[in-house]
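Novice: Each chain, letter by letter, is given below.
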Amino acid sequence: MTTPLLEVRDVSRSFGGVRALSHLSFEVPHGKIVSIIGPNGAGKTTLFNVITGALAPSSGEVRFEGASISGLRPDQTARLGIGRTFQIVRPFPGLTTLDNVAVAALAKERTRRAARMRAEEILELTRLAPFAHVEARNLTLARRKRLEVARAVALRPRLILLDEVMAGLNPAEVDQTIQLIGRLRSLGVATVAGIEHVMQAVQKISDWIVVLNFGEKLAEGLPAEVMHQPEVVKAYLGARYADAAVRS
Amino acid sequence: MMATPRMRALAAAAILLAIAVPFVGSDYLIGLLFTTFLFVGMAYGWNLISGYTAYVSFGQISFFGIGAYAVAILVSKLSWAWPFAVLAGAGAAALIAAPLGWAMLRLRGPYFALGMLGFVQVLYMLASSWSSLTKGGEGIYLPPAGNLRPLYYAAALMVAAAIAVTWAIDRSAFGLRLRSIGEDEIAAEAMGVHTTRSKLAAFVLASTLPAMAGGLYAFRLSYVDPSSAFPASYEVQVILMAIFGGAGTVWGPLLGGVVLSAVAEALWARFAELHLLLFGLFIVVVLRYMPEGFVPLLRRRAAAAAIRKDAR
Amino acid sequence: MTPRILLQLIVNGIMLGGVYGLMSLGINLVWGVMGVVNLAHGDVIIAAGFVTFWLFTRLGVNPLLALPVSIAMGFTIGLCVQKFLLARVPQDRGAVKTSLLMTFGVSYMLINAVQLTFGNEFQTVMFLPGSWRVGGLDFAKSRTLAFSMAAVISLLLWAFLRFSFTGRAIHAVSQSPEGASVCGIDIGRTRILSFGLGAALAAAAGALLVMIFAISPAMGTGYTVRSFAVTVIGGLGSFPGALLGALVLGMAEVFTGYLASAQIANGIAFLLFLAVLLTRPQGLFGRKTS
Chain A
0 MTTPLLEVRD VSRSFGGVRA LSHLSFEVPH GKIVSIIGPN GAGKTTLFNV ITGALAPSSG
60 EVRFEGASIS GLRPDQTARL GIGRTFQIVR PFPGLTTLDN VAVAALAKER TRRAARMRAE
120 EILELTRLAP FAHVEARNLT LARRKRLEVA RAVALRPRLI LLDEVMAGLN PAEVDQTIQL
180 IGRLRSLGVA TVAGIEHVMQ AVQKISDWIV VLNFGEKLAE GLPAEVMHQP EVVKAYLGAR
240 YADAAVRS
Chain B
0 MMATPRMRAL AAAAILLAIA VPFVGSDYLI GLLFTTFLFV GMAYGWNLIS GYTAYVSFGQ
60 ISFFGIGAYA VAILVSKLSW AWPFAVLAGA GAAALIAAPL GWAMLRLRGP YFALGMLGFV
120 QVLYMLASSW SSLTKGGEGI YLPPAGNLRP LYYAAALMVA AAIAVTWAID RSAFGLRLRS
180 IGEDEIAAEA MGVHTTRSKL AAFVLASTLP AMAGGLYAFR LSYVDPSSAF PASYEVQVIL
240 MAIFGGAGTV WGPLLGGVVL SAVAEALWAR FAELHLLLFG LFIVVVLRYM PEGFVPLLRR
300 RAAAAAIRKD AR
Chain C
0 MTPRILLQLI VNGIMLGGVY GLMSLGINLV WGVMGVVNLA HGDVIIAAGF VTFWLFTRLG
60 VNPLLALPVS IAMGFTIGLC VQKFLLARVP QDRGAVKTSL LMTFGVSYML INAVQLTFGN
120 EFQTVMFLPG SWRVGGLDFA KSRTLAFSMA AVISLLLWAF LRFSFTGRAI HAVSQSPEGA
180 SVCGIDIGRT RILSFGLGAA LAAAAGALLV MIFAISPAMG TGYTVRSFAV TVIGGLGSFP
240 GALLGALVLG MAEVFTGYLA SAQIANGIAF LLFLAVLLTR PQGLFGRKTS
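Protein chains in written order, with numbering that gives the first Met the number 0: chain A, 0 to 247; chain B, 0 to 311; chain C, 0 to 289.
Since the hints were made in silico from the structure, they are not lab data. Every residue gets a Cβ at the ideal spot worked out from N, C-alpha and C, and that includes glycine. Hints are supplied without guarantee of correctness; some may be wrong.
To be verified - Now the in silico label distances, taken between C-beta atoms and shown as ranges:
(1) E119/A <-> T3/B: 23 to 29 Å
(2) L147/B <-> R155/A: 52 to 58 Å
(3) Q75/A <-> K82/C: 43 to 49 Å
(4) P170/A <-> E177/C: 28 to 34 Å
(5) A12/B <-> H132/A: 31 to 37 Å
(6) H132/A <-> V164/B: 23 to 29 Å
(7) P98/B <-> S260/C: 51 to 57 Å
(8) Q75/A <-> L132/B: 51 to 57 Å
(9) R5/B <-> V181/C: 54 to 60 Å
(10) A12/B <-> E119/A: 53 to 59 Å
(11) V181/C <-> P28/A: 45 to 51 Å
(12) A213/C <-> W129/B: 55 to 61 Å
Said to hold, decoys possible - Stretch-level coverage of chain C by chain B, calculated; a stretch enters the list once three of its residues show a Cβ under 8 Å from a Cβ in chain B:
(13) 92–104
(14) 121–135
(15) 264–272
Just chain A, with the same shape it has in the complex:
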């Protein structure tokens, strides 16, 4: 088998006395969509921070395309091909939508003009083109979330980390985001999606699921399998979803 795109190997991270991540290991194959599900506080954002280099792991290692990326800075992992969105969106408020994306495009383009042209293409892809010259602070939440994804895509990433990208969206917007992620997959981009609530998305798009609870991996597997496992149902999905799990 070819080397997986991303390997998280026995990663742990503590903050003082709190264990945010505990001996976490999983893999992401090229071009696949892996969903990390777990309640708030399970460690998804910490995991993303460790992968991108915003945080150093207390122990363990992260490998990307076969090479260790532990100790790299976020801008270095970004340029290597790992894009991310933030759970609480962080657009550049005073920059236009176009320039927001252009900043990220600069990672791979040499001139500002080239970056802006690439940004225009991406705005088309994410249906944000009408807002190209609107300052990001004036966008609605749904559009800001699309902007987060657009920016990450502008890095020409091999892997995108989506942190709660569907939280706070209405069902129609969730569907649009699901389509977007599907389109990314068809472009060969792998996705790791951190998701708390939006189960329909998890079912529809994931090639693989990793269940996180208190920083530990509770289970992993194909969506249909994982949803049925009793520990998962008990610890996280709860009685409400147990029905849905059994029915699907």
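Got chain A; can you put chains B and C on it based on the hints?
Specialist: Then chains B and C, alone, in the frame of chain A:
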């Protein structure tokens, strides 16, 4: 905004006037414009680091003093010609700014601000105690400047260079990166911007302008000592000019510098003892009621006018 | 250096540290509660020093009796700055930058006001000249008095924060503004009080400082840097940290002044500030805040 024919004509007229003044203007006017150019240059320096990256620096006068002492020492002790001394002062400032910036720019906003304030204190202390180099409190005397005209043109050239560099950066990839750092440094890093390198480049570049201003000032004054090399009132003036004109814009520091120099000159005649208070008050008022500064304000009014024109 | 000189320097350092501690408590309070950096802090210190000087030399008022006047003045200045300026700043990402610049502007207003009212000269208050000899060491009377008063005021502050409702409200807001407001605490009012209190503490320190040193209007910035250096060394948010940091700075200045020169001692605050920030940013006791 500068593209309209009317603005272009105005700009051309201003440039011609600026070039002509030393031949037709009084010594007083030449001196006034000279000082104005120095301040405009310093405002551009502050703008490069604090306007774009939002790292608020209160240490411009530290580089001003470095430039001043560089010229004083090179001209009086080593008999350098003043133009080379001024450039050397800029070089010295850049050399010091590199490690200083590397240490300081890793500190968040308030810490960085305090750090730069403290650095000025340290330089003042060094200037006072390192007598073998700076003659301490006694100060260094320079040969008299003689004709003011060459100095005037040097200052004008400095301003032109400052505007050109800012304009180039503003529309470049580097400028966009700096802006992204100013908007949200963490997001910028996540988007692949090497924030340390960009910030440092801006910081080092920004240090050369006050250094040149300080060098020219020192030569004009023919005397340098700690209190003239690190004039506390200049810091507040420069920052006020940049903010009033519009931080993070290409023309803001020029506008702010020219307007406020004129205002300061008028105030000096009547309210000399109040000028620090008025500058401080002015900063507070500008921040409270027009925090973006004048240039963005003008731009928005022009945009609104254009929309209204389209609608008709 | 003989043991006697060493001990003397230590005594002097401790006494200076006491006053520095009082200075930095105000910073700790304001910065910890509101995340605001008051660049005019040192100028409030100097202003209070001059007011005390004026009352002493013109009206013969005992500096200790003049202390409440300085404190009231400081409190008023802080209250006005917070209520009319800082509170009106929109709380977006530019808020820190704006409050830095605003307090910078206020700083210049204060310097000029002091210059206009009291002149530009160095002044001091010769209240208790001479010193007590205890165990072969000199305890300068004025320094001892300043130190004692600083200690008393610090203790009162600690008690206030611990036991009064307002004090605990301030503590609550520094931990979590949303949480505090949900408990019915008026955040706006608490912030105004905190800023006022911070400036009042600065004023108290200034009133005591003028008994030890000669001050001039231009020295404000130096004291702003010192106050923040102490807070950084001790660690933000920590009361004992602030006092320890003050001791460290007091000692450092006294020893440097003796071994090198007074001018270099002036710059020590900045060097310590930078050293701590680059090696152990949370200081000695600080909590690791965002």
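Novice: List in ascending order the numbers of the hints, as given earlier, that are violated by the structure.
Specialist: As far as the earlier hints go, 7, 8, 10, 12, 14 are violated by this structure, in ascending order.
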